Each structure stands twice: as C-alpha cells, then as structure tokens.
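Protein chains in written order, with this note's numbering: chain A, 1 to 156; chain B, 1001 to 1156; chain C, 2001 to 2079; chain D, 3001 to 3079.
These are calculated hints, taken from the structure and not from any lab test.
Everything numeric in this text was worked out from a predicted model, so none of it was measured.
Treat the hints loosely; a few may be bogus.
[To be verified] Not everything, but these chain B residues come out facing chain D in the computed CB check (under 7 angstroms):
(1) VAL1040
(2) HIS1043
(3) PHE1057
(4) PRO1059
(5) THR1073
(6) ARG1074
(7) GLU1075
(8) ILE1092
(9) TRP1127
(10) ALA1133
(11) GLY1135
(12) TRP1139
(13) ARG1140
[Said to hold, decoys possible] Where chain A lies over chain C, by a calculated footprint (3+ residues, C-beta under 8 angstroms):
(14) 2035-2042
(15) 2050-2057
(16) 2060-2067
Every residue, glycine too, gets a C-beta built ideally from N, C-alpha and C.
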Amino acid sequence: MNSPAGQPAFISAAKFDTLDLRAALVQSGAGAVVVFEGVVRDHHAGRAVVGLEYSAFEPLAQSGWLQLCDRATREHEISRVVGRHRVGALEIGDCAVWVGVAAAHRSAAFAACEWLIAAIKAELPVWKFERYADGPGAWRHEASPGGPAAAPTMQV
Amino acid sequence: MNSPAGQPAFISAAKFDTLDLRAALVQSGAGAVVVFEGVVRDHHAGRAVVGLEYSAFEPLAQSGWLQLCDRATREHEISRVVGRHRVGALEIGDCAVWVGVAAAHRSAAFAACEWLIAAIKAELPVWKFERYADGPGAWRHEASPGGPAAAPTMQV
Amino acid sequence: MSVRVLYFARMAEVAGRAQETIAAVPATAAELHALLDKAHDFGFDRGALRVAVNDKLVDWDAPLRDGDEVALIPPVSGG
Amino acid sequence: MSVRVLYFARMAEVAGRAQETIAAVPATAAELHALLDKAHDFGFDRGALRVAVNDKLVDWDAPLRDGDEVALIPPVSGG
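Take the sequences, apply the hints, and build the full model.
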C-alpha cells in the first residue's frame, strides 16, 4: 500500500512482515542496520492489559513521518529509513511500531533510530486505547504536543 | 546448537534466521526491542570487496559473549539479550553479526545494544578476512585488545 | 457555508462521533474550537491540542473558509 | 612434555598453520611467545596480543604446564 506520494504508507492496519521491512534496509548496501520495535505488553501502570487499539489521523501521520525522515537524513549520516505504525486492534506481543535505519556507520544508525522513535511518540497523530482486564478501556493521551524541535529531548 | 553451558552458541557457521532470533526477544514480554545488524558491504577503504570470511576462537568467543551479556544486564535495565556472529565464507549482503536487546523501556535497550556491539567488536576473538576484486585478500586486525573496561568508550 | 470537523481518541469518545459538519464558518480555528469545546466539554486545554486544516497543521488564528476540514489533535500516544 | 599452540587469522597465515605442538614447556606464556615469535616473526608487538591458556585469558607471566593449550590472540576484527 503506497501513499499518493509513492512512499510506502507509515500507517498500516495489517500486521507487519518484519522480514520485508528489514529487507529494504539491508538492500541499501549500508553496513549497519538498527531496528526498534515497540511490542504490545500485557500490563500498564500495574493493570493487566488484554489488548490495544490504535487509531491515527492518517494524512497527517504520513506527512509528519516523511518530515521526520527528512530531518533524520539531514542531521545524521544515514542511507535509508523504514517505518511503520499499526492501527486497529492489536494483541499482546504484536509489533505496534517498527523503525529501522541503515547507515555506513553504526553510531549514526543508533542515533537516528532513537531520535525517530522519540519523535514518532511525541508528535505523530496516533492514539492508543488500552483494554484492561479489570474494567473499561481508556484512551491514553500522555504525550505533550510540540513541534519537531521538542522531539529529540523528549522522553515519552 | 547449544554451548556446553546450555546457552545458544554465539558463533554460527550457518546463516541466521533473523525471525527466529527476534522471536526470542519478543517472547520476553518486554515492550521495547532494539536490534543491531552488521551487514557485509561491497567495499572497504575504497576497494571493491567480493566476499568475506570470518574465523573465531569459539570457546573464548562464547565465554566472552556471556560475560558481556552479564555486564550489560547488570548495568542496564534489560530483560533479554540475543546475539550471534557468523564464521566461514559470507557474501555481500549477509548478516555478519546480530545483537538484540529487549527491555521495558527503550532507552535501556538502545544503550545496552550499542554497548554490546562496541564490546563485541573490541574484544571477542573473531577475525575478518576480506577478499578484494583487485588483488589478494587480507586479514584485518584493527581493534586494539583490551579488557571489558575499554570497550564502552571504544569506537571500532 | 460549512466546515467539517474531525475528532480523535478521547475527543471522539466525548463527542460521541468521529466527525461532524458545522453549518457555519467561524473566522478562525480558535473560534471554531471555542464553539465546539462549549458544546462538548472535551476536557483538554486548548494549549494541549494541535489543529490541522485540510491535512496541514496550522496556528489557532488561521482563517477558515467554506468547505474546510478541520482536525482537532489531542495529545498523542502512539508507539 | 609439550604444549599445543593455536594461531588465528594473520598469525596462522604467517605460521602456515593453525596449530602446532611444541615439544617443551616454557616456564611462562611470555617465554613461549618469545620462542614462537623468533621462529615465525608474526609482525605483532606482544602488547597487541592477548593469550589464553586452556580457553581462559591469562597474563603473560602465567606459568605453563605439560599438556596446556595456549592460544595467541591477535587484534580482533569481528562485527
């Protein structure tokens, strides 16, 4: 599924094929690949979580993601970025977000990957709904809004 | 293939099944997974590389790897570490080294993963032989020897 | 003369809908927000929200035009 | 009375073999290294090498015993 701009869609309702995502990075010819995966856990703040749902404002998530990729590529010596975020109902153990960076040297790949996941969590219009074992579910709204400048220093 | 201590072998002559390596991390129940992959490039220092060979002193690579895992687990809040290094003949694009860390929080996973790959490259008895397109191959011996204390600050 | 409004997450839950059409065109995004917050009492300070018009983030004083699609973006929780 | 020596990478290339048996037991790892470096001229300063006896890293002044397996570890290049 591609966005109108021909870029792969950042938001995906389908489970990721992580081998497929990884292949795009390895094929770039870079020597260092760093991948972050956010995995659905079975608890949050001491409460048992039975499942999650994510929703997104897709047009803005897509354009925001492309801006983050541009900025990461300007500020780090990296050769390729691949990212995807699930929406819809997720189960415990599902991959919610996948961010991979390929670079000639590993320090740039690590730095860009860590910056990108912080920026995704701080900025992109995606929301999590947690379904609890012991009561009704809830939307989470922890992150503060902020422009791209705020993202690198935020720990969300 | 397991080492005598019952730990999976760090050194592997076979191609990695990266899905399999990843599964062990995701199954740990941690929310954040960070993976580093070192991929064989087609050049080094401006020369075309047609292939690589790695050799290792396996008993010491295995015991050294377990020590690095212990240290990473003591110094970072992480829940699982998986690592593997290829030996034998590798082709361009093959994964030479794979290091994955699972943790409750991503900052610990990033820090431990970056420390581990630096320590692997600085310390473990593994050697790379590069086969060049334009002449005979050569063993590489860049890294300085050093105890574990030297590893975190080294950029190899 | 109308604008379409998009709600997400808890704001959609509170409003009981993911979108609605307002049969008026307030002068700015801020005026539209004031109107909607009075109607729905979303429970977010405006300073915690962002606003997009026709898929682009804008300032609250951005003028609105007939047919605009306005998205109110509460604090995010992806990843 | 002998020790077995293991060579790796360029040291194995220079020695023309991956291991050899020395029909003597030098008092220490340092003495064994001096003997071997004279024979093969490996091209590494001893300070660039590490040494393991029976799969454990040791200091150069570690004593050797009959039957020990001694691995000379040149600078590494894994990853």
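Checked hints:
1. With 7 angstroms as the threshold, the beta carbon of B:VAL1040 stays out of range of chain D, its nearest partner Cβ sitting at about 11 angstroms, so the hint is violated.
2. Because the smallest distance between the Cβ of B:HIS1043 and any Cβ of chain D comes to about 16 angstroms, over 7 angstroms, the interface hint for this residue is violated.
3. Proximity of B:PHE1057 to chain D holds as hinted, the smallest CB-CB distance being about 6 angstroms (cut-off 7 angstroms).
4. With a cut of 7 angstroms, the hint placing B:PRO1059 at the interface with chain D holds, because the nearest CB-to-CB distance is about 4 angstroms.
5. The closest approach between the C-beta of B:THR1073 and any C-beta of chain D is roughly 20 angstroms, which is over the 7 angstroms cut-off, so the hint fails.
6. Annotation: interface hint on B:ARG1074 violated; nearest CB of chain D at approximately 20 angstroms, more than 7 angstroms.
7. Look at B:GLU1075: its Cβ only gets to about 20 angstroms from chain D, farther than 7 angstroms, so that hint breaks.
8. Taking 7 angstroms as the C-beta cut-off, the interface hint given for B:ILE1092 is violated, the closest approach to chain D being about 16 angstroms.
9. Satisfaction of the interface hint for B:TRP1127 is found here, the shortest Cβ-Cβ separation to chain D being roughly 4 angstroms, below the 7 angstroms cut-off.
10. Here the hint on B:ALA1133 is broken, as its CB sits about 20 angstroms from the closest CB of chain D, past 7 angstroms.
11. With 7 angstroms as the threshold, the beta carbon of B:GLY1135 stays out of range of chain D, its nearest partner Cβ sitting at about 15 angstroms, so the hint is violated.
12. Satisfaction of the interface hint for B:TRP1139 is found here, the shortest Cβ-Cβ separation to chain D being roughly 4 angstroms, below the 7 angstroms cut-off.
13. Because the beta carbon of B:ARG1140 sits about 4 angstroms from the nearest beta carbon in chain D, less than 7 angstroms, this interface hint is met.
14. Counting residues of the segment 2035-2042 of chain C whose CB falls under 8 angstroms from any CB of chain A gives 0; the rule of at least 3 is not met.
15. Remark: the segment 2050-2057 of chain C is confirmed as covered by chain A, as 5 of its residues place a Cβ nearer than 8 angstroms to a Cβ of that chain, reaching the required three.
16. Note: the segment 2060-2067 of chain C has 0 residues with beta-carbon separation from chain A under 8 angstroms; the three-residue rule is not met and the coverage is violated.
Consistency with the previously given hints fails for numbers 1, 2, 5, 6, 7, 8, 10, 11, 14 and 16, ordered from lowest to highest.
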